[in-house]
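Asks: Okay, here's what each chain looks like letter by letter:
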Amino acid sequence: MRLATLRHRSPGEIAFTVVLGLTCALILFITLYPVYFVVIASVSDPTLVATGGVSFWPRGWSWFGYDQIFADTRIWTGYRNTLIYTAAGTALNLLVTLPAAYALSRREFAPRKVLMLFFAFTMFFSGGLIPTYLLYRDLSLLDNWAVFVLPSAVNVYNLIIARAFFEHSLPEEIFEAATIDGANYFQFFLKIAVPLSMAIISVIGLYYLVQHWNDFFTGLVFVRTYDKQPLQIVLRDILISNQAFAGGAGGAGGTGGSYAQQYADQIKYGVIVVSTLPVIILYPFLQKYFEKGVMIGSVKG
Amino acid sequence: MTLIDPTPVKVSRRVKAQVAPTVPGRRGLRRHFRRYWQLWVMAAPAIAFVAVFAYVPMYGIQLAFREFDFSAGLTGGEWVGLKYFRQFFESPQFWTLMRNTVVISVTTLVVGFVAPIALALLVNQVVGRRRKKFLQTATYLPHFISIVVIVGMLQVFLSPSSGLITRFLEGLGITGVNFLGDTSAFVPVYVISEVWQHCGWNSIIYLAALASVDTQLYEAAKIDGAGRLSIVRHIDFPALVPTMIVLLILNMGGVLNAGFEKIFLMQNPLNLGVSEVISTYVYKIGILSNQFSYATAIGLFNTAINFLFLVITNQIAKRVANTSLW
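Protein chains in written order, with our numbering: chain P, 1 to 301; chain Z, 1001 to 1326.
Hints may contain errors.
[As the list claims (entries may be wrong)] No more than 27 Å apart at the CA atoms, straight line, and that leaves these computed lysine-lysine pairs for BS3-like:
(1) P/Lys292 / P/Lys113
(2) Z/Lys1133 / Z/Lys1222
(3) P/Lys113 / Z/Lys1318
(4) P/Lys191 / P/Lys288
(5) Z/Lys1132 / Z/Lys1222
(6) P/Lys292 / Z/Lys1133
(7) P/Lys288 / Z/Lys1318
(8) Z/Lys1318 / P/Lys228
Keep in mind the hints are simulated off the structure, nothing from the lab.
Turn these sequences into a full structure, and let the hints steer you where they fit.
Replies: Here's what the structure looks like:
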């Protein structure tokens, strides 16, 4: 069928289709191959990986990297911390953002314009790093796990998305009916608005979750104690600062040189997989929500 | 007009308040709070968090004009006027920092602005909903990888001896470049990886705009004998212009915001000459060497320039294209 239509096309049309197909294939390859390569390199023989012997499927299975990773306590402490910060942070985010977004979505609530300005202004102007640092110091948030949760309680962009959803997607008739039945704002929000808005709650919940999971800055600037550091800081030490691993320098048995480098690289591939896996596994299930957020956000800021 | 009070008694007064929603005088204020206290309660936590964590630091900006005093904290000690701004402008670092920051952020801004538009126009040409969807979904996957992992991947892939990309480029005849150390490689590596990570995500909004183009336009164009390229040029591209303008204004608000985290992670002693930007310098001067007033002044300078660009672009867009943020 497709071939049949192809025959009726002009040469220019066919050339267009061919170029388009090739470009798309190239883009797909460039986007996905590096991610795929990390996965296969993490379970392949490190020497083969370093010399270009691994390209499309794993060769010379080696679990060395993962053995090292599972034996290393830093990663799991970081993992645990990040899980706690992400769970607590996202819960607080939703508790604070959703009611505010709902209040700001009510057209009869006259102060909402001023309040939106109050929130939106912070997207474009900020006090900067040092005043923020000194404020955290005064609030005893430095080196305190609450610094991962409290300051990021409201993301104004997410607030705007949620507000746009409440304003445009909840039919006003439901609200009128509920009001006649004697529901007040609290009841309407909890019993009607929230259950009808699970789509947007998932979207901004996910945005917040990813934001906490990938947060590197907070740990870097505001936390000293290593036991409190999140996964991203541990990752930095392993991936970028090349810090020694539990099993010795780079994990290699004292042979040194490029040999040690190969093994260190395999650990890195493994660490990337282990730390990014949750997001990648969830990705196919969540992607429709991610997109929805962008669409709603683009309605009108 | 909707009535919002749970008790349906004082309808007439409420309707009057709807007509004139401003709240003049103490009685009006009291009435306002009696009617809307629940909305205020719902908004209050968010207001409080933003007030504390966004506006209190803004109040602390005065530190840029004062001598830092450990006991006085956020608001600082004695007034010193523009001393720290002058110190920054006269410092030997100033022009290097400005050049690096502008080069990195403007390159990212231009390339990062054009690439998603091109990608959206391209993906939109793919026939078949499922194929289109797959391509779109695949291209924005990297958006969710953390910056630390991205920089980690860059380091293994670009490693001089064994890196995947280094070897691939050697195969193409590009040899002898140390992508992690050479100063000329820093900006390309930064910008290309930035596009790799965010292009797909940033194209979603354009694809949404393309999806809402009236299909009759395409039919009419085909009847007029327009080829696919000219349809892209004369129908698809113009459909993206309003979105482009809004995003351009927003991006201009970050003209000096070369991303701190990624640059900081990509820095090494070899590339510091081109990779030291205002935000990383503020971190080092302020947090690591405790020169609080000086670092606040540099940070304020950065924020002010950004804000200025945002306002100017917004004004230009308002006049030229009739589109603006406010």
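Asks: Each hint: holds or not?
Replies: Status of each hint after checking the structure:
1. P/Lys292 / P/Lys113: 25 Å, holds
2. Z/Lys1133 / Z/Lys1222: 25 Å, holds
3. P/Lys113 / Z/Lys1318: OK: lysine 113 of chain P and lysine 1318 of chain Z at ~21 Å, within 27 Å.
4. P/Lys191 / P/Lys288: 25 Å, holds
5. Z/Lys1132 / Z/Lys1222: 21 Å, holds
6. P/Lys292 / Z/Lys1133: 13 Å, holds
7. P/Lys288 / Z/Lys1318: It is violated: about 34 Å lies between the C-alpha atoms, which goes past 27 Å.
8. Z/Lys1318 / P/Lys228: 48 Å, violated
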